[in-house]
Amino acid sequence: MNEVSVLIGGKAGDGINSAGAMVAQLLNHLGYRIYLYFDYPSLIRGGHNFAIIRGSERDVGTCRNHVDFVLALNEETIERHKEKYTQKTVFISNRDLIKNGAYGIPVKAILAEEKAPVIMGNSALIGGFAKAAGIEWEVVDAVFRRHIPKGADLNLAVAKKAFDLFDPVQLIKKSENPPQPLVSGNEAIGLGLIRGGLDAYVSYPMTPSSGILHFLAEQKERFGITVVHPENEIAVILMALGFAYAGKKSAIGTSGGGFCLMTEGLSLAGMAEIPIVLVVSQRTGPSTGLPTYTGQSDLQFVLHAGQGEFPRMIVAPGDAQEALLWSETAMDIAWKCQCPAFILVDKTLSEGTYSLDPAAARNTYGAGPLLWDGKIPYRRYEDTASGLSPMAFPGAKDAVVKVNSYMHDEAGITAEDAEISNQMTKKRLKKWEYLIEVMQGYPGVLQSGKSDASTALLCWGSVKGVCEEAAAELGLRVIRPVVLAPFPIDKIQKALMGVKRLIVVEENVTAQLAALAERHGIIIHEKILRYDGRPFTVEDLVSRVKEVGI
Amino acid sequence: MPRTLITGARNTWCPGCGNFALQHTLKNLLSDREKEGKSLDDVVLVLGIGCHAKIADYLNINSFYSLHGRSIPAATGIKLANPDLTVICCVGDGDAYAEGLDHLIFAAKRNIDITVIVHNNRVYGLTTGQYTPTSPIGFKGRSTPAGTVEYPLNPVELMLASGAGFIARGYTRKMKLLKGLIRAGIAHKGFAFIDVLQICATFFPATDYYDSHVYELPATGSGDFEAACALAREWDYNSDAGIALGTFFTRVSPSFDERMIPVLAGEEVRERAIRELFDARM
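Protein chains in written order, with our numbering: chain A, 235 to 784; chain B, 73 to 354.
In isolation and in its complexed conformation, chain B is listed as follows (with noise of 0.2 Å):
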């Protein structure tokens, strides 16, 4: 029998959220998957903290609700303790561009074989709008209600500079590219980050921005690092350009887990190895 994938926790978005986009997105994977013969039981979603992470509450599938900005380094815990296991992150633009900025770029140098999908709506919508790292200059928030006077950073580029294998970015509105963009970035062999552009309907409702600058790249990703560049450099979440959607990058290296797996010694082989330590100490 199928898994029933929602909950019974009850939704708190605010109506027109972008997270039920991404949310119906993640659903229909898993369901996928589980029509394609693969187990629900090996996956495991890991969440920061923020309006994204509430996606643990309402997935009825593993999930370790961290800290905020601290997803990552527990999902490269977990991958590292069963690479067996399919681990995705949910987190927000403030939860992993500011709290755990070291932790993302640190999961993207190491290749670690997780897939993080950023839910940008630029702005925190949890602790009632603030400017995030993904804000434009000048963005009243509400710690900044003259404007910011600091320039967004640009995550694509930061990613690409990182030595991510595989970038890319997605919008809510745009449902079928997410997915397998999302899907993609499952499958990629090493860490995979997909920015995904989402509106916050109460604090950040840019959909009609979004909807007449998004356009789409050609489907598959190029390993051409400087193209990838140039392209990530075209919108600078500040100022008014296309905005590109689809894969920047993608190169296949080995993967932090697959470098990393331990050959196991049970009890009487560590004994051993304690006893001629003590041997050798003496």
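Isolated chain A (complex conformation) (with noise of 0.2 Å):
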């Protein structure tokens, strides 16, 4: 199978990311499936950014160890990834920062020959990372014309230049496959929201999550939606509640330190009943942590964060195809069972850019939120077989829409007496099941890898693409809750059947999913455990997992 990895460093402020998405799109446009990983310090200017992108003739969400081709903007990158290096790899460098580069390029004298600006002195790096694989100057013109809307022409002068100082050295053969449209995780959240008929997205600005924000802020006008950016996290998720309690479909974003500062405003929304979509983008912990790295340290936090007891909805897409699909979905199943709805991701799922399908099955929609038949007096919080009180917004006619965060009766006026209480709480249980019932009707844990193989590695959300490859080439098989609340036990036994060795790949330090599972009563072997800010890699989890025995 053809793939290749190319690793692009330089300054913080060099552009690495756009010139990253340039490879990437080259690449799709030579047929190959992208997975683009972008690292980076938490600071604007100086510090080492890279991206490392892969390109495979079949999906990909995840990098391996070695990289075939460096594009190096300074010299620092060179010596920083030394471990990523084999015999073959090709560097092409800027001449004018680095000494030693073996294909070295005059940034500086093409573009003052073509009288272009700094700033596209990585078009230079581009052309010749283009011609030293063989890539014809055909598909460099076109993806520039394509996605270069403005200075195409100079861009493409200079990429030329460069593009005519080497001969090809290291071949990237091309491939059957059509070009697919490259999308960030982030963005493939924000417009599943959009399918889910997202009205609002409110949100205060923290990475990993602060991509949704920009993009649908961006985007509003397109997509017809108002965009909020709040004084704090409290404000964020209590506005996300008022547009939905005036019959606004909202949703927040966020971060496990902004998170922190709505767990209140989650309990409003589970004793209020009001349905709220929550994007929890997770950074390595604790505290302020690695604000710009990775890690799936927040499970635990958002399965029980709220005081009291009320039902929410858990999904962790495992990359930017189920992000598209699970966002949707996820706003559905909030209004359908009038309850939170968390869409639980990770830096490199956030930040990664993906190849996604844009004809791939989207969400299937049985009926809508239960409304109001207009029978007076209105209820919000009628007491039914299902604990669903149909649902009005203020406004409606004759319809006294009264929401509480106290205990309350039927209509929304606070009550302390016993009864009422044991009522109404049974009315929320009987809520909990009813969601229950609904994921049933939904692909909540996913199996791939060798079906029939008696080891199985079982983990979720972006570790998805590692363990999958891993799995590959072990021979094992990979079982991933893709719902983890209500935790999707029958579903996870039967992909068990079979199954005689269990290993939990997970990337925080207490085996979070493995607790989750253990409660469940499942027997997990081994534990394999990333804590260090930076995804698996494809070689790094294979010996891993050769460590611990298949």
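A portion of the hints provided could be inaccurate.
Distance ranges between label pairs, derived from CB positions [what the hints assert, rightly or not]:
(1) B:Asp-174 x A:Ser-620: 37 to 43 Å
(2) B:Lys-110 x A:Glu-650: 30 to 36 Å
(3) A:Glu-309 x B:Pro-155: 55 to 61 Å
(4) B:Ala-218 x A:Gln-541: 30 to 36 Å
(5) B:Val-335 x A:Arg-329: 46 to 52 Å
(6) B:Asn-310 x A:Glu-752: 55 to 61 Å
Rather than coming from a laboratory, the hints here were simulated on the basis of the structure. C-beta: ideal position from N, C-alpha, C; glycine also.
With the hints in hand, could you dock these two chains into one complex?
Rendered as structure tokens:
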């Protein structure tokens, strides 16, 4: 199978992310499926940024240890990534800054010759790379024209100068796949929410969730939504609940620290039975932690956040495709079941770029939210067989819509006596059962790899990609719950048929999925954990699995 | 048929509580609104937590009984979701000046078209008698038995600094004036703030003090910011000075909800936009 990995590195502010996106598009147009990982420290200028673009003939969602090409914008790039180089690695570099680069490009001279601004220097490296990789000029020309709407000609002139410097060194073979849209996890979440009927997105900036805020704010006119960035996360969740009370579908996005501030609002959503979608994108914790690095250490927090007991739904998509589907689904579920629905992701997924199949299946809508039939008096918390009370929104004729954070009666009026407390608590419990029933209809647990293997990897979220590749190499089964609450224990048990050895793979230090599974009686034999903020690579996981033994 | 404005919920405010006057005033305003042919279906009351907030249970209109300090962001969401609604926040002084101060300042800064009525009894009632941000220095509460050692903040001055477009102060024993202020606050297009002095019958019974110090300002508010600042500083919620009642400042400017109205896009438009975006990413 053909595949290629390209590393591009330089200082923060060098435009590594956009240069990486161009390389990704070149590979996309050669018929490769893409995963782009972007690594950057928490600062604006200086520091070392790099992107690894991996192209493969089949879907990818992770990196390998080695790279085939290095595009170095500075000396540090060459120095830092030595462990990723093989004998075959080809180095394309800026000759003005790097003395010993094999394929040095006189960037300054080219820019001067073309009277091009400094910012176009990256185009020279991309041009040089394209030639070294044997990519036809027509492909470079087409990709630049498609993806640089302004100044494509000048960028192309710069790229061509570098292109003409070399002969092909290591050819990247063309594949037959048609190009696919390249979308970040955060964008996929935003688009999924839009498909789910989002009216308002409310968020306070916090890496790695901010990409959703930026994307939706930029696109709000096209999608006809309201985007609000309030004073803090407490205001975020309360505003979102205000929107939903008034009948508008809202979602919030944050990371662990911001979500800490939202927990009283979450509990309010539980008590007042207001639908809301919460995107929590994890980074390395605790506290400020590693703001721009990844982790899966908030599962137990999201499972238990908020005082009191109330139903919630948690999904953890594994890549952009799943993020698109499950974000749409989460909005549907939140309104169908009148409860909080979480999309739990992480930096790897949020800020990674993936190939996406635009024709993939969408959420199937059954009945929409349960709405009031107009019979007065309206009672917001009418006790029904399913526990679901029909919804009406302020402005509806003759409906007095009272929502309440206190224990309340069916009309929404505060009640403290034992009988009503019992009744209303049971009503909410019925809703929990209703949610479990609704979730039965969704593929909450996905299985891949060798279906009859007796050793399985159990994992969740963005480690999907790396687990699937490692499993393919080692002949293992992969069992991955996408729905984490309500915990799909029956489906997991079914997927575990014939499994004698179960190895959990997580990016945290306490094995949080393992704890959740063990609570439901599942026996975990080994735990492979990584918690340095960097995602597993394929080689890394393969050797760790071999270490614990198949 | 006019709506029955009071629910059957048992009222649990202490006898003599200032909240009765506020509830009565709101009830009369709602009744007037109905008589003017306007629907009460479009009115939403948003509450924090505290004695004041029990009004959610007593008034038979739409209500969002929120969290301590959090009525204003909920109200902001409601107004943005449906600008046709009349959104009124009843909040307490501990509620809005301590726990939720950030939201109050930002609501004023944004000029969201909601009316915030602060039931300012200058003490925590429901948690049984602790000092609030507007208690005078030396106030002996259950958390400060030897007296507070911090000055109160002056909410009128704070609201001026925060950019509020309608700033008024009322008193529950001047009900005619109070009704006029709340009516004007609701009519004001933009953020309206009304600090309402009221006694706490149990923990801060200051009736005599207020009665002997309050005076009424001329009927209409002025847009003179400097004059409003001077007037706001006359009584700093601590000193022994005349307490002006009425409108301190009015200024109309575009409201947040007006500026934020989205151009709605149907499912087809959205799906087309998504397809275009996918296409641009290939």
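A:Ser-620 and B:Asp-174 - C-beta distance against the hinted 37 to 43 Å
Cβ of B:Asp-174 to Cβ of A:Ser-620: about 39 Å, so the range 37 to 43 Å holds.
At the C-beta level, are B:Ala-218 and A:Gln-541 separated by a distance inside 30 to 36 Å?
holds, 33 Å
Taking 55 to 61 Å as the stated bounds, is the beta-carbon spacing between B:Asn-310 and A:Glu-752 within them?
holds, 59 Å
Has the hinted range 30 to 36 Å been met by the Cβ atoms of B:Lys-110 and A:Glu-650?
holds, 35 Å
Does the beta carbon distance between A:Glu-309 and B:Pro-155 stay inside 55 to 61 Å, or does it fall outside?
Since A:Glu-309 and B:Pro-155 have Cβ atoms about 57 Å apart, the given range 55 to 61 Å holds.
Do the beta carbons of B:Val-335 and A:Arg-329 sit within 46 to 52 Å of each other?
Given range 46 to 52 Å: holds, Cβ gap about 51 Å.
Comparing the model with each numbered hint stated earlier shows that all of them hold.
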